[in-house]
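Asks: Listed below, chain by chain, are the residues.
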Amino acid sequence: MQNHINMNTNNIIEIQNVTKRFPVGETEFTALSNINLKIQKGEFTGLIGPSGSGKTTLLNLIGALDIPSEGEILISGKNVAVKSDAESALLRNEHIGFIFQSYNLLPVYSIFENVEFPLLLQKKSKAERKEAVMQALDWVGLSDIANKKPSQISGGQAQRVAIARSIVKKPDIVLADEPTANLDSTNAYKIMDILKKLNEELGITFMFSSHDSKVIEYLRRVITLEDGKVKNDETK
Amino acid sequence: MFEFLFKGLIRDKSRSLLPVIVVSLGVSLSVFFVGYIEGMMGDMVDQNARFGTGHMKVMTREYVKNIAQKPLDLSILEAGKVIQELDKSYPEVDWVKRFNFGGILDVPDENGQTKTQGIAGGMAFDMTEGNSDLRRLNIANNIVEGRMPNGPFEMLLGQGLAKRMNVKIGDTITYFGSTMDGSMSFQNFTYVGAVQFGLSVMDDKTFLIDIKDAEQILDMEDAVQEIYGYLPNDIYDDQAIEEIKNTYNASFAESDDEYAPQMLALRDQNGLSTMLDMVNTMSSAFTFFFIIAMSIVLWNTGLLGGLRRYTEFGIRIAIGESKRDIYKSLLLESVIVGVIGSVFGTILGLILTFYLQEVGIDMSDTLGNSNVLFSNVIRAKVVPTQFWIGFFPGVMATFLGALLSGRGIFKRQTSELFNELGV
Chain A
0 MQNHINMNTN
10 NIIEIQNVTK
20 RFPVGETEFT
30 ALSNINLKIQ
40 KGEFTGLIGP
50 SGSGKTTLLN
60 LIGALDIPSE
70 GEILISGKNV
80 AVKSDAESAL
90 LRNEHIGFIF
100 QSYNLLPVYS
110 IFENVEFPLL
120 LQKKSKAERK
130 EAVMQALDWV
140 GLSDIANKKP
150 SQISGGQAQR
160 VAIARSIVKK
170 PDIVLADEPT
180 ANLDSTNAYK
190 IMDILKKLNE
200 ELGITFMFSS
210 HDSKVIEYLR
220 RVITLEDGKV
230 KNDETK
Chain B
0 MFEFLFKGLI
10 RDKSRSLLPV
20 IVVSLGVSLS
30 VFFVGYIEGM
40 MGDMVDQNAR
50 FGTGHMKVMT
60 REYVKNIAQK
70 PLDLSILEAG
80 KVIQELDKSY
90 PEVDWVKRFN
100 FGGILDVPDE
110 NGQTKTQGIA
120 GGMAFDMTEG
130 NSDLRRLNIA
140 NNIVEGRMPN
150 GPFEMLLGQG
160 LAKRMNVKIG
170 DTITYFGSTM
180 DGSMSFQNFT
190 YVGAVQFGLS
200 VMDDKTFLID
210 IKDAEQILDM
220 EDAVQEIYGY
230 LPNDIYDDQA
240 IEEIKNTYNA
250 SFAESDDEYA
260 PQMLALRDQN
270 GLSTMLDMVN
280 TMSSAFTFFF
290 IIAMSIVLWN
300 TGLLGGLRRY
310 TEFGIRIAIG
320 ESKRDIYKSL
330 LLESVIVGVI
340 GSVFGTILGL
350 ILTFYLQEVG
360 IDMSDTLGNS
370 NVLFSNVIRA
380 KVVPTQFWIG
390 FFPGVMATFL
400 GALLSGRGIF
410 KRQTSELFNE
420 LGV
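Chains as they are written, first to last, in numbering that gives the first Met the number 0: chain A, 0 to 235; chain B, 0 to 422.
Some hints here could point you the wrong way.
Unchecked claim - 35 Å max Cα-Cα, derived DSBU-like pairs, lysine-lysine:
{"#": "1", "chain 1": "A", "residue 1": "K230", "chain 2": "A", "residue 2": "K195"}
{"#": "2", "chain 1": "A", "residue 1": "K122", "chain 2": "B", "residue 2": "K12"}
{"#": "3", "chain 1": "B", "residue 1": "K327", "chain 2": "A", "residue 2": "K147"}
{"#": "4", "chain 1": "A", "residue 1": "K122", "chain 2": "A", "residue 2": "K228"}
{"#": "5", "chain 1": "A", "residue 1": "K230", "chain 2": "A", "residue 2": "K77"}
{"#": "6", "chain 1": "B", "residue 1": "K6", "chain 2": "A", "residue 2": "K122"}
{"#": "7", "chain 1": "A", "residue 1": "K148", "chain 2": "B", "residue 2": "K327"}
{"#": "8", "chain 1": "A", "residue 1": "K129", "chain 2": "B", "residue 2": "K211"}
{"#": "9", "chain 1": "B", "residue 1": "K211", "chain 2": "B", "residue 2": "K162"}
{"#": "10", "chain 1": "A", "residue 1": "K189", "chain 2": "A", "residue 2": "K235"}
{"#": "11", "chain 1": "A", "residue 1": "K196", "chain 2": "A", "residue 2": "K40"}
{"#": "12", "chain 1": "A", "residue 1": "K123", "chain 2": "A", "residue 2": "K40"}
{"#": "13", "chain 1": "A", "residue 1": "K148", "chain 2": "A", "residue 2": "K129"}
{"#": "14", "chain 1": "B", "residue 1": "K327", "chain 2": "A", "residue 2": "K123"}
{"#": "15", "chain 1": "A", "residue 1": "K148", "chain 2": "B", "residue 2": "K12"}
{"#": "16", "chain 1": "A", "residue 1": "K37", "chain 2": "A", "residue 2": "K196"}
{"#": "17", "chain 1": "A", "residue 1": "K129", "chain 2": "B", "residue 2": "K6"}
{"#": "18", "chain 1": "A", "residue 1": "K169", "chain 2": "B", "residue 2": "K6"}
Hints listed in this document are in silico derivations from the structure and should not be mistaken for laboratory results.
Computed from a predicted structure; not experimentally measured.
Full structure from sequences and hints, please.
Replies: Written as structure tokens, this is what we have:
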């Protein structure tokens, strides 16, 4: 079992007065402005809003892929902004999973090897890796195609493999950026069903960025961003 | 982890096979180029040394002043004694006598009337079996018709000259010339064979006779025009030759005898000094620029190899691999590709060089009218430099390419990189 973050409170993510600015030529563009959010463990939350509203920027900050210009991002009470590149990498490796719009599987590796990759970074033994990979593939219903290459499977299957890769290390948080954008309705619902099940049965906290109504249907909490600010925060 | 990355490297042909092929080709060209230049340079030195200049040559001072005319009357007298002293002072050097002289060759018809006639250059050396000059000049192996002279007054002709003189084996050829003292000299020789020197200038103009016959027709017993010196195994060594020349000439520095011996090194003759220096400089410059050009090509390969993998790096960063580890793996891969490519390229380059060393390219049609002492067959030469020179463009350039493309990743903000990659 993965080393989970010791939690003193139930807030797994705390975003405190976060502003993010990007330089654009001589000036700066403010992508996020004074964001304050608390995400509790086990939430199934979505960031929605039009393009350019700051959804992906906020996900990047939570995923320790970037640091805020102002404010703090706390993952289980620890400020990710002060971590070194190696520490951020370790944080992502141990506690955060990513799901992308375009699956982003490594094409030269088999399905099994793609899912196995995060465990190699954790230096798990071969037996441990095999057990965890097959379990993750079971969760997404793909254990029978473990030896196939990404080019040999459909888009829906590829996204399920990406889900298996994100959960194989049993992370605390999975950040999903537009996970259904490239899928048809049937596959989109199938993916959301799987993610919901993982949330309920494994207690993984999911945070989405999407403007797909099919995703929004499943969300228990919807945070609406507009022009880099929280416009609405609604729990169903 | 290494196994995982290596597996990816092997499976992704565009990351392994293609760069290895490009590196191999680049390295093989570099290696071959060095061998080709060395072969051409070595060949030029070797041909001049064998036929024209020796590694060093002893003549009288007056002869040196008029060397272009090869004047017989300014030859060394008491040649045996001079050679004995040379052997004593420089026993490692092989000292041999040679004559180079001119004359008219006349081929009579069955009635004794001139059938063909022409001016030719004569070369005489010791044709006694087992003599070092016989091996060095390699005449026996280059006879295209007939045989080596084995009796008195037998003559070989360059194949071009033989054709021009329209002679058959066994025909009589009369030599008209002058002795050392300026008297007329006539002698009948028997034509016994034609030689292909591999040098157009000699094939068309030279006849060969044994040195004893030359001594007789030139009236030069115990006299010699030029004494040639060759270092052990006929390996040219500019520095050693210069040392011998300087010590030998120093021993006669006090003498004011105009017929005192004087030694010239190979580079002192036929304008070879300037030519050798120029060719050396040019070949070094060509080799340098060629290696640089190949390095740029291979550096670009490494650079592109890194750039086209940004998406993969983005995924690996998201999964939790640090930028430092990704960067290290990129460099390691470039070294693996560079080393494998360099090994294959070096082997390929050496095979090509060896092939050209053994077989050569026949340029006789192109060099037909050339007066330069250059072999008709262009040959490369396998030299020790070739075993390592290819690793500079092969490994270093590929590594530098990866180093630079990797730095692009390393220096960016992670999310900036991440977004740029379109992940």
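Asks: Next, verify each hint and record whether it holds.
Replies: Structure-based check of all given hints:
| no. | hint | in the structure |
| --- | --- | --- |
| 1 | A:K230 x A:K195 | holds, 25 Å |
| 2 | A:K122 x B:K12 | holds, 27 Å |
| 3 | B:K327 x A:K147 | holds, 29 Å |
| 4 | A:K122 x A:K228 | violated, 40 Å |
| 5 | A:K230 x A:K77 | holds, 26 Å |
| 6 | B:K6 x A:K122 | holds, 17 Å |
| 7 | A:K148 x B:K327 | holds, 26 Å |
| 8 | A:K129 x B:K211 | violated, 90 Å |
| 9 | B:K211 x B:K162 | holds, 26 Å |
| 10 | A:K189 x A:K235 | holds, 21 Å |
| 11 | A:K196 x A:K40 | holds, 15 Å |
| 12 | A:K123 x A:K40 | holds, 26 Å |
| 13 | A:K148 x A:K129 | holds, 17 Å |
| 14 | B:K327 x A:K123 | holds, 21 Å |
| 15 | A:K148 x B:K12 | holds, 15 Å |
| 16 | A:K37 x A:K196 | holds, 23 Å |
| 17 | A:K129 x B:K6 | holds, 17 Å |
| 18 | A:K169 x B:K6 | holds, 26 Å |
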